[in-house]
Amino acid sequence: MEFGWSENERSYRNQLREFLAAELPGNWNEMSKDGPGSDAQAAFSQAFCGKLAARGWLTPHWPKEYGGHDAPAWQHAILSEEMWAHGEPRGPQYMNVNWLGPTLMRYGSDEQKRFHLARISRGDVLWCQGFSEPNAGSDLASLSTRAERVGDSYAVNGQKVWTSYCKNAEFCFLLVRTDKIETRHKGITVLLVPMNTPGIEVREIDTVLGDRYFHEVFFTDVRVPVSARLGAENDGWGIAMYALQYERIGLPRYARSARTLELIVADAKSNGRVIDGAFKEKLVAARAMCEAARILYYRVIDQRAHNQPPTADSNVARLALTAADRAVGDLALELGGPAALLYGSLGDGNFRAAMPAGVATGTSEINANLVAQRWLGLPREA
Amino acid sequence: MNFRLSEDEAALKAEVRRFCEAEITLERLRKVEFPTGIGFDPSLWKELSEMGVFGLRQPEAAGGAGLGLASAVLVFVELGRRLAPGPTIATHLASGLGADFSQSAAEGKSIVGSVEVPLSASEPLLIEYLEQLNVLLTLRPDGIYRLDPKSLSAEACVPLDPLTPVYELAKLPAGERIAGADRAQTWRLEASVLAAAELVGIAEATLELALQYSKTREQFGRPIGSFQALKHMMSDMLIRKEVARAAVYAAGATFDDPQAGDFARAAKAARITAIDAAMKNARACIQIYGGMGYTWEAAPHYYLKRAFVLDRSFA
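Residue numbers (our numbering), protein chains in the order written: chain V, 1 to 382; chain C, 1001 to 1315.
In short, the hints are calculated from the structure, not lab data.
Please note that the accuracy of each hint is not assured.
Which chain C residues face chain V? A few, computed with CB under 10 angstroms, are given here [what the hints assert, rightly or not]: (1) A1106; (2) S1122; (3) D1161; (4) M1233.
From the three backbone atoms N, C-alpha and C, an ideal C-beta is built for every residue, glycine too.
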């Protein structure tokens, strides 16, 4: 066991903080209040990620041949923590680094790797993720967006939903059905689709969360060349599951939550609000949950750093992250004083940010089922 | 002891429910959503007045229905269940503050807001429904004060709850003292019980929404309500709601009959159980709705936001 950071790691974190202090504009809190998908953040992220990339800090842990620096996995953890704690100035590009890159590295053709990984590591491309459908949410394997082979391309027809950030995205990592619906997970394929292909229509969904958070995407006879397929036909489920392993544990949300706790306490103190015993207890419990989530998250990073296969730890870490997020979101409201009743306040902002925790990228209930079935050996329901 | 509603009480509850289900629809509320709309529906307010919601506990001679707090909580559960807009609690309580209040309530002209004067000068001074009010009452440690809302200059804010408009005041004048410290203290307790009643309505409505949704939404080839994880969530919702309902009814009955127990204590029990039920049930409902839960289109978020507003009111 070794819980300390090395000299290099500490210095990397400090440099990141200095960089953030210099690069984030004075109105950053205002600018970031609608989340990473807002137009303001998406635009900001383009220049910001370019600067990160120029210093070699966007994808430090990637192999050199794909635009990285062969840095240890821990550097990525530190990078993610600092970014997420500061309102995620990488905007939607955090996804690129978290799961798109690793998935493309493992399953991409040479041409796909050369093209896409180079753009991601330069920090100048936005992606979106076409997984969920109106009737395929928790039951993702029932997805029905069809791709029919026509010559050397696919004709795609169907609909995706809850697609984040796609108003500004250039590519979509799209799951399509290429066999009969009864084949479920055995008839799914991944296509890397340019969002400007004719026949794609994007509609924003009004949500409680903020601008450009969720969209519906409609595909009407969208032609995608076979060369844009990732992996083999009907092999998409394994690829998607690989991507989800990275996605589901990719966000150190505890870093933001822990920072939020500091902000709410500071705000309460400066306004003379009484933090009584009951609140103290809740604050301490929430802080402890953030810490526990951090340690569990580190365990998963450590497994990855040692190339070990995933265990129950990643499911447990995700449930812990969600619990911490919610506890802090609630406290931000409860302790936020009268201002918490206003849109865009610290209380309101965290309430909204915590809302998709435990639903987005897989519900807590499904996650708990996975823990029960995969790691506790309990039988499936009915 | 009698734990069943009397015939009259059951009839009152049914009548209010019938009215609320017919008249207070989400479609209607959405039309006045703040700040695009005014966050208030004058014609609905008039109908609530005519139904006697505000004069309910005033003597029949004064145009009221002569009922007690135990009946009032039945009505306010129904109002909460349908997200009734407007300063219903303050207007209802104000009818008991004297002849001119009960008179204007009986005429359907009373729109009374109230605010607890804040402890810290650095916090924003927020008043709900300010532009719609004809009287604003401030609750201070030494009593209740009356102010003319038209004399105040305030700015409309973008509120967390789009169905509760909020205005920020630069300064709050003292106003005219119309009741003493004891009256102010009872007001707080009664108001907190009525808020608890609305919270029970929220706990009930969100359970109903969750049941409806989980019986129709299918995943893995069957309704999601058949999964044990969700069944347990909804059983817990029912338990929380029933615990809170019992506590709120008890608080109403204790107020009407001081022999029955300590009202202040019953009021606190009602409040604590009701806020727990409303918040947790609204959250569970949003969870059961999955991604739909945080869309603007689906109803659950309105309930959670209203619960949060009520948590701040008369606490």
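Going down the list of hints, with the structure as the test:
1. A1106: Violated. Min distance 32 angstroms.
2. S1122: Since chain V brings a Cβ to about 5 angstroms from C/S1122, closer than 10 angstroms, the hint holds.
3. D1161: Result: holds, 7 angstroms to nearest chain V Cβ.
4. M1233: Where the cut-off is 10 angstroms and the nearest Cβ of chain V is about 8 angstroms from C/M1233, the hint holds.
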